[in-house]
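Asker: Residue-level listing of the chains:
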Amino acid sequence: ILNVEQSPQSLHVQEGDSTNFTCSFPSSNFYALHWYRWETAKSPEALFVMTLNGDEKKKGRISATLNTKEGYSYLYIKGSQPEDSATYLCAFLSQGAQKLVFGQGTRLTINP
Amino acid sequence: DVKVTQSSRYLVKRTGEKVFLECVQDMDHENMFWYRQDPGLGLRLIYFSYDVKMKEKGDIPEGYSVSREKKERFSLILESASTNQTSMYLCASQRPHLGGNTIYFGEGSWLTVV
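Residue numbers (our numbering), protein chains in the order written: chain L, 1 to 112; chain F, 1 to 114.
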């Protein structure tokens, strides 16, 4: 079974501060990496789908980088706001696989 | 707006009951999935389907079955509910070409088995 690790498991950040967290995945047979944001009582929603080594994607104050050779992706949030409070999930797909493997998530809480 | 709808948000069932969790998507997606979410364990795949009447086991299929009679509908069935199936269940759908396409999730169904 493939191992996808996210760290830290939880994080408390002061409003206005920037933060980042990590998704680690196997460095061989990479095909794609997904990031999702899951707010309480809502559906998880897609942030990014990344497929190329060195890829960097941005959506407002949130950005992500991808290093497939060393097997990690970083998610950055600049100037955190209370609405950024959510669980952030990454999901890894290896070549030839039929299903995504999700990490356990990073639970982010923004303190006003 | 794309929509994945899970018909039951909160259910309480007795041990041994047969339970149906229904999921409908309006995006004409081929791929559909059922996951369960438990604290500390992340999202775990129960079953998935790439086409009507087609199903594949995920990582934790024991105690579950599924039905996909129509493209838009994917049902999860607990033949005889047990307390260890108390969990939050998420349905999802996706266009083909798994890697490059995002997954769209429902809002989840909270099942308690007593």
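Incorrect hints may have been included.
[Unchecked claim] For lysine-lysine, the following DSS-like pairs were computed, each having C-alpha atoms within a straight-line distance of at most 30 Å: (1) 3/F <-> 53/F; (2) 69/L <-> 70/F; (3) 55/F <-> 42/L; (4) 58/L <-> 55/F.
[Unchecked claim] Here are a few chain F residues that face chain L, going by a calculated C-beta distance under 7 Å: (5) 11; (6) 39; (7) 45; (8) 96; (9) 102; (10) 105; (11) 107.
Hints are computed from structural coordinates only; laboratory data are not their basis.
Even for Gly, the Cβ is constructed at its ideal location relative to N, Cα and C.
Asker: Compare the structure with each hint and give your call.
Answerer: Results of checking the hints against the structure:
no.	hint	result
1	3/F <-> 53/F	holds, 21 Å
2	69/L <-> 70/F	violated, 41 Å
3	55/F <-> 42/L	holds, 27 Å
4	58/L <-> 55/F	violated, 35 Å
5	11	violated, 16 Å
6	39	violated, 9 Å
7	45	holds, 6 Å
8	96	violated, 11 Å
9	102	holds, 4 Å
10	105	holds, 4 Å
11	107	holds, 5 Å
Going through the hint list in order, the structure does not satisfy hints 2, 4, 5, 6 and 8.
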